Amino acid sequence: AQTVTQSQPEMSVQEAETVTLSCTYDTSENNYYLFWYKQPPSRQMILVIRQEAYKQQNATENRFSVNFQKAAKSFSLKISDSQLGDTAMYFCAFMILSNFGNEKLTFGTGTRLTIIP
Amino acid sequence: GAVVSQHPSWVICKSGTSVKIECRSLDFQATTMFWYRQFPKQSLMLMATSNEGSKATYEQGVEKDKFLINHASLTLSTLTVTSAHPEDSSFYICSARVARTSGFTDTQYFGPGTRLTVL
Numbered sequence: 001a002q003t004v005t006q007s008q009p010e011m012s013v014q015e016a017e018t019v020t021l022s023c024t025y026d027t028s029e030n031n032y033y034l035f036w037y038k039q040p041p042s043r044q045m046i047l048v049i050r051q052e053a054y055k056q057q058n059a060t061e062n063r064f065s066v067n068f069q070k071a072a073k074s075f076s077l078k079i080s081d082s083q084l085g086d087t088a089m090y091f092c093a094f095m096i097l098s099n100f101g102n103e104k105l106t107f108g109t110g111t112r113l114t115i116i117p
Numbered sequence: 118g119a120v121v122s123q124h125p126s127w128v129i130c131k132s133g134t135s136v137k138i139e140c141r142s143l144d145f146q147a148t149t150m151f152w153y154r155q156f157p158k159q160s161l162m163l164m165a166t167s168n169e170g171s172k173a174t175y176e177q178g179v180e181k182d183k184f185l186i187n188h189a190s191l192t193l194s195t196l197t198v199t200s201a202h203p204e205d206s207s208f209y210i211c212s213a214r215v216a217r218t219s220g221f222t223d224t225q226y227f228g229p230g231t232r233l234t235v236l
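Sequences listed follow chains A and B, in order. Letter by letter, the first sequence follows residues 1 to 117 of the working numbering. Letter by letter, the second sequence follows residues 118 to 236 of the working numbering.
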């Protein structure tokens, strides 16, 4: 079974600063996706960024980037120039790729990030 | 693009009644939809995987007769909580998968969730 671990239950940073959220996972599979989802107070889950395991290049989406270390099974999220709207619960998630079409997401326990004005 | 809606956004019902929650993919076809349950300050727990035109696959420990799932079309899946009890009160979230033509899966997009309160 796959597991996803987020060791930081809560974090807070000043607005405009950079923050890194950690995530580790455990799997024996070789083909998979990794995701970071954001859940603001509205509770709408929003995709932040995703990474295909076969790609060595780290994914980047504007102020959000990841540090994907496949051998170490680590997938951290860096938020640069943090904004008040980044305040949310952040979930790391893992999905094995297959041809069967029923791939499931396995979520970590989440990190509650607060951006301080 | 890739918008998923849920209806209702919140519902209050009496113990013993049944409640139906709809999940719709608005601008894409979703061959697979997923239903999650989330307790306060906790992560999402997958309840079942729903494929269009076939029976849902339930996770271990989820009662299929209590949580009825119907995926009748490529844009609609429904979750019916039958004979609801206060312990069924929770936040229910659906997601829909945008499938690649190659057969490999792509990203899941989530609905806004439904808050169920059973009195």
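Rather than coming from a laboratory, the hints here were simulated on the basis of the structure. Incorrect hints may have been included.
Below, in silico cross-link-like pairs of lysine to aspartate or glutamate (EDC-like), each with a Cα-Cα straight-line distance of 16 Å or less [claimed, not checked]:
no.	chain 1	residue 1	chain 2	residue 2
1	A	Lys73	A	Glu10
2	B	Lys158	A	Glu10
3	A	Lys70	A	Asp86
4	B	Lys131	B	Glu204
5	A	Lys70	A	Glu29
6	A	Lys104	B	Glu176
From a predicted model like this one, the values you see are computed outputs, not experimental measurements.
Do the hints match the structure? See the list:
1. Only pairs whose Cα atoms come within 16 Å are accepted, and A:Lys73 paired with A:Glu10 is rejected, the gap being roughly 22 Å.
2. For the suggested pair B:Lys158 and A:Glu10, the alpha carbons sit about 11 Å apart, so the restraint of at most 16 Å is met.
3. Distance hint between A:Lys70 and A:Asp86 is unfulfilled; the C-alpha atoms sit about 27 Å from each other, more than 16 Å.
4. Annotation: proposed proximity of B:Lys131 to B:Glu204 holds, straight-line Cα distance about 12 Å (limit 16 Å).
5. At most 16 Å may separate the alpha-carbon atoms for a hinted pair to count; A:Lys70 and A:Glu29 meet this at roughly 11 Å.
6. For the hint linking A:Lys104 to B:Glu176, the alpha-carbon distance of about 11 Å falls within 16 Å, and the restraint holds.
In terms of the numbered hints stated before, the structure departs from hints 1, 3, listed from lowest to highest.
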